[in-house]
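**Q** Going down the list, the sequences are from chains A and B. Under our numbering, the very last position in the first sequence is 1370; numbers go up by exactly one each time. Under our numbering, the very last position in the second sequence is 1370; numbers go up by exactly one each time.
Hints should not be assumed to be uniformly reliable.
[Said to hold, decoys possible] Capping the alpha-carbon separation at 25 Å, the derived lysine to aspartate or glutamate pairs in DMTMM-like fashion look like this:
1. A:K1238 x B:D1040
2. B:K916 x A:E1234
3. B:K875 x A:E918
4. B:K875 x A:D919
5. A:K871 x B:E1234
6. A:K871 x B:D1040
7. A:K875 x B:E918
8. A:K1032 x B:D1040
9. B:K988 x A:E908
10. B:K871 x A:E908
11. B:K871 x A:E886
12. A:K1238 x B:E1234
13. A:K875 x B:E922
14. B:K1046 x A:E918
[Said to hold, decoys possible] Part of the chain B face toward chain A, derived, beta carbon under 10 Å:
15. K875
16. E876
17. P907
18. Y943
19. V1068
20. L1073
21. D1077
22. D1095
[To be verified] Just a sample of chain A residues kept apart from chain B, beta carbon distances all over 12 Å, derived:
23. D919
24. D923
25. A974
26. D1040
27. L1073
28. P1074
29. Y1150
30. K1292
31. W1326
Treat the hints as calculated values from the structure; they're not laboratory data. Just so you know, even glycine gets a beta-carbon here, dropped at the ideal spot from N, CA and C.
2 protein chains.
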Amino acid sequence: MEANQFKDFAKEMVDYVANYLENIRDRRVLPSVEPGYLRPLIPETAPQQPDKWEDVLEDVERVIMPGVTHWHSPRFHAYFPTANSYPAIVADILSGAIACIGFSWIASPACTELEVVMLDWLGKMLDLPPEFLASSGGKGGGVIQGTASEATLVALLGAKARAIAKVKGEHPEWTDAEIVDKLVGYTSSQSHSSVERAGLLGGVKLRSLPADDKHRLRGDTLREAIQKDIDAGLIPFYAVATLGTTSSCAFDKLDELGDVCNEHDVWLHVDAAYAGSAFICPEFRYLMAGIEKADSFNFNPHKWMLVNFDCSAMWLKNPNWVVNAFNVDPLYLKHDQQGSAPDYRHWQIPLGRRFRALKLWFVLRLYGIENLQKHIRKHIGLAHYFESLVKDDDRFEVTAEVLMGLVCFRLKGSNETNEMLLKRINGKGVIHLVPSKINDVYFLRLAICSRFSEKEDIDISWREVSATADELLNTKTACQANGQTNSKVNGQVNGKVNGKVNGYHS
Amino acid sequence: MEANQFKDFAKEMVDYVANYLENIRDRRVLPSVEPGYLRPLIPETAPQQPDKWEDVLEDVERVIMPGVTHWHSPRFHAYFPTANSYPAIVADILSGAIACIGFSWIASPACTELEVVMLDWLGKMLDLPPEFLASSGGKGGGVIQGTASEATLVALLGAKARAIAKVKGEHPEWTDAEIVDKLVGYTSSQSHSSVERAGLLGGVKLRSLPADDKHRLRGDTLREAIQKDIDAGLIPFYAVATLGTTSSCAFDKLDELGDVCNEHDVWLHVDAAYAGSAFICPEFRYLMAGIEKADSFNFNPHKWMLVNFDCSAMWLKNPNWVVNAFNVDPLYLKHDQQGSAPDYRHWQIPLGRRFRALKLWFVLRLYGIENLQKHIRKHIGLAHYFESLVKDDDRFEVTAEVLMGLVCFRLKGSNETNEMLLKRINGKGVIHLVPSKINDVYFLRLAICSRFSEKEDIDISWREVSATADELLNTKTACQANGQTNSKVNGQVNGKVNGKVNGYHS
Chain A
865 MEANQFKDFA KEMVDYVANY LENIRDRRVL PSVEPGYLRP LIPETAPQQP
915 DKWEDVLEDV ERVIMPGVTH WHSPRFHAYF PTANSYPAIV ADILSGAIAC
965 IGFSWIASPA CTELEVVMLD WLGKMLDLPP EFLASSGGKG GGVIQGTASE
1015 ATLVALLGAK ARAIAKVKGE HPEWTDAEIV DKLVGYTSSQ SHSSVERAGL
1065 LGGVKLRSLP ADDKHRLRGD TLREAIQKDI DAGLIPFYAV ATLGTTSSCA
1115 FDKLDELGDV CNEHDVWLHV DAAYAGSAFI CPEFRYLMAG IEKADSFNFN
1165 PHKWMLVNFD CSAMWLKNPN WVVNAFNVDP LYLKHDQQGS APDYRHWQIP
1215 LGRRFRALKL WFVLRLYGIE NLQKHIRKHI GLAHYFESLV KDDDRFEVTA
1265 EVLMGLVCFR LKGSNETNEM LLKRINGKGV IHLVPSKIND VYFLRLAICS
1315 RFSEKEDIDI SWREVSATAD ELLNTKTACQ ANGQTNSKVN GQVNGKVNGK
1365 VNGYHS
Chain B
865 MEANQFKDFA KEMVDYVANY LENIRDRRVL PSVEPGYLRP LIPETAPQQP
915 DKWEDVLEDV ERVIMPGVTH WHSPRFHAYF PTANSYPAIV ADILSGAIAC
965 IGFSWIASPA CTELEVVMLD WLGKMLDLPP EFLASSGGKG GGVIQGTASE
1015 ATLVALLGAK ARAIAKVKGE HPEWTDAEIV DKLVGYTSSQ SHSSVERAGL
1065 LGGVKLRSLP ADDKHRLRGD TLREAIQKDI DAGLIPFYAV ATLGTTSSCA
1115 FDKLDELGDV CNEHDVWLHV DAAYAGSAFI CPEFRYLMAG IEKADSFNFN
1165 PHKWMLVNFD CSAMWLKNPN WVVNAFNVDP LYLKHDQQGS APDYRHWQIP
1215 LGRRFRALKL WFVLRLYGIE NLQKHIRKHI GLAHYFESLV KDDDRFEVTA
1265 EVLMGLVCFR LKGSNETNEM LLKRINGKGV IHLVPSKIND VYFLRLAICS
1315 RFSEKEDIDI SWREVSATAD ELLNTKTACQ ANGQTNSKVN GQVNGKVNGK
1365 VNGYHS
């Protein structure tokens, strides 16, 4: 493809995607295709000769769009939001053209240096303690990870390296395997499944501790668990606090957990994947009280701060534990400037990395802090608006305190009724929600996801929920009048959801 | 940013990047900035109010470009290539606008389904055995990973799960920890450092075995190592064969290794990160003889097949071992279509994933197989051309057989002289190379990287090497004439490189 063709094609695509996004409301949010829909729509093999770009563009509507779940539609309320903005899309055009692999400083100094400074900008926007910022001149600093899952794993591996080093100092006769076998990490039953997975990948025990009645992990619970493990001869080394759980957007009591971790020299990682973006607004920072006691902190601008995936921001007070854990190549890839700038390959699981800081730079500059704050406040406002609509309807109940852009609610009554309600809602495809379950209570999660969402959109979503409830309850009443049992109606439900959480944590 | 502003901005950016790429030769390939150059060029904090997009675009030249290493310049010969093409950049505009997170089928069916079919297209282009392809109707199939490092780790974790399951069947009394402690993996001393890192991350022993005089791992070496470990009561479970090593682009004898692995039920993973793209040309497939004996195969279209990073293609004969190893959430994120299409979150380390198959689709269609083959053949032809120039100069020697787009060469004489040569070349910044060292012999690696590279560019690169050698050898002669020793001249060299390999493996 020549440069002139590229310009034509790219500009057509720019018009296409602007049109797609501005009119996204008109599309059915959940596709109605069946598995295997796509294969028959395209050839069985790649073409020998080039196709025309005009044909490729046409095929986007014919082949791709029928199978797209429209995450940026105001009708999309599933999981948590994923970010999408015009400045980020433009930044990615530039990133794709420069296409450097920023694994070391010399491999493209701008790629590393912009990332260092952007993580400082962002950290200041959240009012993170200076120990986390590179600009403070200490050891600390930030890095862009691909996903929060990776950040959790990276922190765990850093914590593991720190613990092994410490224990080896006390017990030089113990092997690494013996030490690792004694290590224990902690998290809440409400934390994301990726925390458990990090434990599996890291090969260490990870305890899932019970949350309080507001689904928060408390300091006393952690203290008790740690003491029990110490008494059993084990070595507590790592804990994950979640700020904004996936199931119900609960906030662990970071302040309490921080004290316990500091007492026991346990690495405290804070996972604020979704809710962290809200801390750019001072009025929500009370939810991160105690952050100065943490060792690492992570949130995803690619969720709620308008920076397209992937851009998961992570800060570490002392990255050296991670760098040393990952540094299997101390003798090569050396360059003269080593040590005076981070070589980010040692901060992450993969070796390669795109120039992702450009997205952050473009978004921060082209929105400005004030507009990003407005975006957060608007979403939270819309969530409270939906909450008020639910509360005004006696048939429903709100099942968790609404703090951010997530409303957890259900029809008063059985789990089965609510499962049926959700199945009907998603079956119609006008709006899309996913459920969750805590302590065997099944509920629906409505997340405000789209940057296009307005009050009128929330009215439409509520009407859809309310009207579906009408249909369901009328059907049930009619069935009961006909002598049928609820359970028979409920027996039609095959879209069961079990487990603690339904969301993504990318 | 409104849609109309986006259109203006994005189209200006399209023109900017086309201009950047078409004139990339004019820029100094290696930047001359010092660490910390960027911070003073931009404000200390993000702006409160939005900046103008025109200012952001202007700042690309002022702030970013001075610190960019131009990986797509024909003067760039370092590491291995990373891909960059116009169709891939356009595909990413679309991917950024759809911005779905394809962790499960229902989260965006098109995202999963296009990936399944594109990996079939690609597998057929390489003539992979049908057991690797989803279209064969068996268990096998492909997936896009972020990097080859991740693919190596994913394969190791699948192999580990398989081995644990098997050993548990034979020794139900052994704990997981006891089994893992006995597991041993194997790779060559020439394989990439990410293999060693995968062993570290996976918490298993990984032996680095010696290569033969052509830097290839041989079957007998592996057989001997496995037997020794079995005799010692250990459990061989995993081996990595490299097709196209980073240091010298050597090809392990896959056919021999496959036999040994199959005899001992050892999972064989093939890492063809760079060279795998060449297998779209039938004449190079002799280098992958034995592929049918492997359990998993990986190469990076984002290296040499014009699909922008990240797009690392991986195929597994039986993905279930990986899926089960990663599936910590069997009871949730369920959807009605589960089982009839892959939920790719179980095939990878992170949970989230972008719609990357679009890049592959656009590139395959808009180049066509023939033009992609031409691209590979042209690069290999240019490498042989450079090889001939080196061989025509008596002062130099070629240190490894040239099979792909990499030429390993050195001045006859000491390592120190070659270190000095490289330092002078990179110091001038006209071309950029990195060195490597095998068996204590230091050499220079010249990789053909840019899709813009022509014969005239190779002439320029050779002239730069040759002229720098002239200067260096003249200086040395002059110094010797003045009674100075070589070692004193060599003492000026501070850019040392140690270790086995200098390349990236993203």
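**Q** Are the hints correct? Go through all of them and say.
**A** Tested hints:
For the proposed pair K1238 of chain A and D1040 of chain B, the alpha carbon gap of about 51 Å is over 25 Å, so the pair is violated. Of the supplied pair hints, the one linking K916 of chain B and E1234 of chain A holds, its CA atoms being roughly 15 Å apart against a limit of 25 Å. As the CA atoms of K875 of chain B and E918 of chain A are separated by approximately 18 Å, the hinted pair is consistent with the 25 Å bound. Proposed proximity of K875 of chain B and D919 of chain A is supported: the alpha carbons are some 21 Å apart, at most 25 Å.
Restraint check for K871 of chain A and E1234 of chain B: satisfied, since their Cα atoms lie roughly 23 Å apart, inside the 25 Å limit. At most 25 Å may separate the alpha-carbon atoms for a hinted pair to count; K871 of chain A and D1040 of chain B exceed this at roughly 57 Å. Simply put, K875 of chain A and E918 of chain B have alpha-carbon atoms about 18 Å apart, close enough for the 25 Å limit, and the pair holds. With a C-alpha separation of about 23 Å, the suggested pairing of K1032 of chain A with D1040 of chain B holds against the 25 Å cut-off.
Only pairs whose Cα atoms come within 25 Å are accepted, and K988 of chain B paired with E908 of chain A is accepted, the gap being roughly 9 Å. This hinted pair does not check out: K871 of chain B and E908 of chain A have alpha carbons roughly 35 Å apart, beyond 25 Å. Distance check on the hinted pair: K871 of chain B and E886 of chain A sit about 12 Å apart at the alpha-carbon level, within 25 Å; holds. For the given pair, K1238 of chain A sits about 51 Å from E1234 of chain B by alpha-carbon distance, which is inconsistent with the 25 Å threshold.
This hinted pair checks out: K875 of chain A and E922 of chain B have alpha carbons roughly 20 Å apart, not beyond 25 Å. Among the hinted pairs, K1046 of chain B with E918 of chain A is inconsistent with the structure: their alpha-carbon atoms are about 57 Å apart, more than 25 Å. The beta carbon of K875 of chain B comes within 5 Å of a beta carbon in chain A, closer than 10 Å, and the hint placing it at the interface holds. For E876 of chain B, the interface hint holds, since its Cβ comes within 10 Å of a Cβ in chain A; the closest pair sits about 9 Å apart.
Using the Cβ-Cβ criterion of 10 Å, the hint placing P907 of chain B at the interface with chain A is satisfied: the shortest such distance is roughly 8 Å. Because the smallest distance between the Cβ of Y943 of chain B and any Cβ of chain A comes to about 8 Å, under 10 Å, the interface hint for this residue holds. Interface hint at V1068 of chain B: satisfied, since its Cβ lies 9 Å from the closest Cβ of chain A, which is below the 10 Å cut-off. At about 17 Å, the closest approach between the beta carbon of L1073 of chain B and any beta carbon in chain A exceeds 10 Å, and the interface hint on this residue is violated.
Taking 10 Å as the C-beta contact cut-off toward chain A, the hint placing D1077 of chain B at the interface is violated, the least distance being around 22 Å. This hint is violated: D1095 of chain B has a C-beta 21 Å from the nearest C-beta of chain A, more than the 10 Å allowed. The claim that D919 of chain A is not at the interface with chain B is violated, since a C-beta of that chain comes within 12 Å of its own (minimum 8 Å). The beta carbon of D923 of chain A is not kept farther than 12 Å from every beta carbon of chain B, the shortest such distance being approximately 8 Å.
For A974 of chain A, the requirement that its beta carbon stay farther than 12 Å from each beta carbon of chain B is not met, with the minimum near 3 Å. At the 12 Å boundary, the C-beta of D1040 of chain A falls inside the reach of chain B, the nearest C-beta of that chain being 9 Å off. With a least CB separation of 17 Å from chain B, L1073 of chain A remains clear of the 12 Å interface cut-off, as annotated. The claim that P1074 of chain A is not at the interface with chain B holds, since no C-beta of that chain comes within 12 Å of its own (minimum 18 Å).
Non-interface call for Y1150 of chain A relative to chain B: holds, since the shortest CB-CB distance, roughly 22 Å, exceeds 12 Å. Its beta-carbon lying about 15 Å from the closest one in chain B, K1292 of chain A satisfies the requirement of being farther than 12 Å from that chain. The non-interface label for W1326 of chain A is consistent with chain B: the shortest C-beta to C-beta separation is roughly 23 Å, beyond 12 Å.
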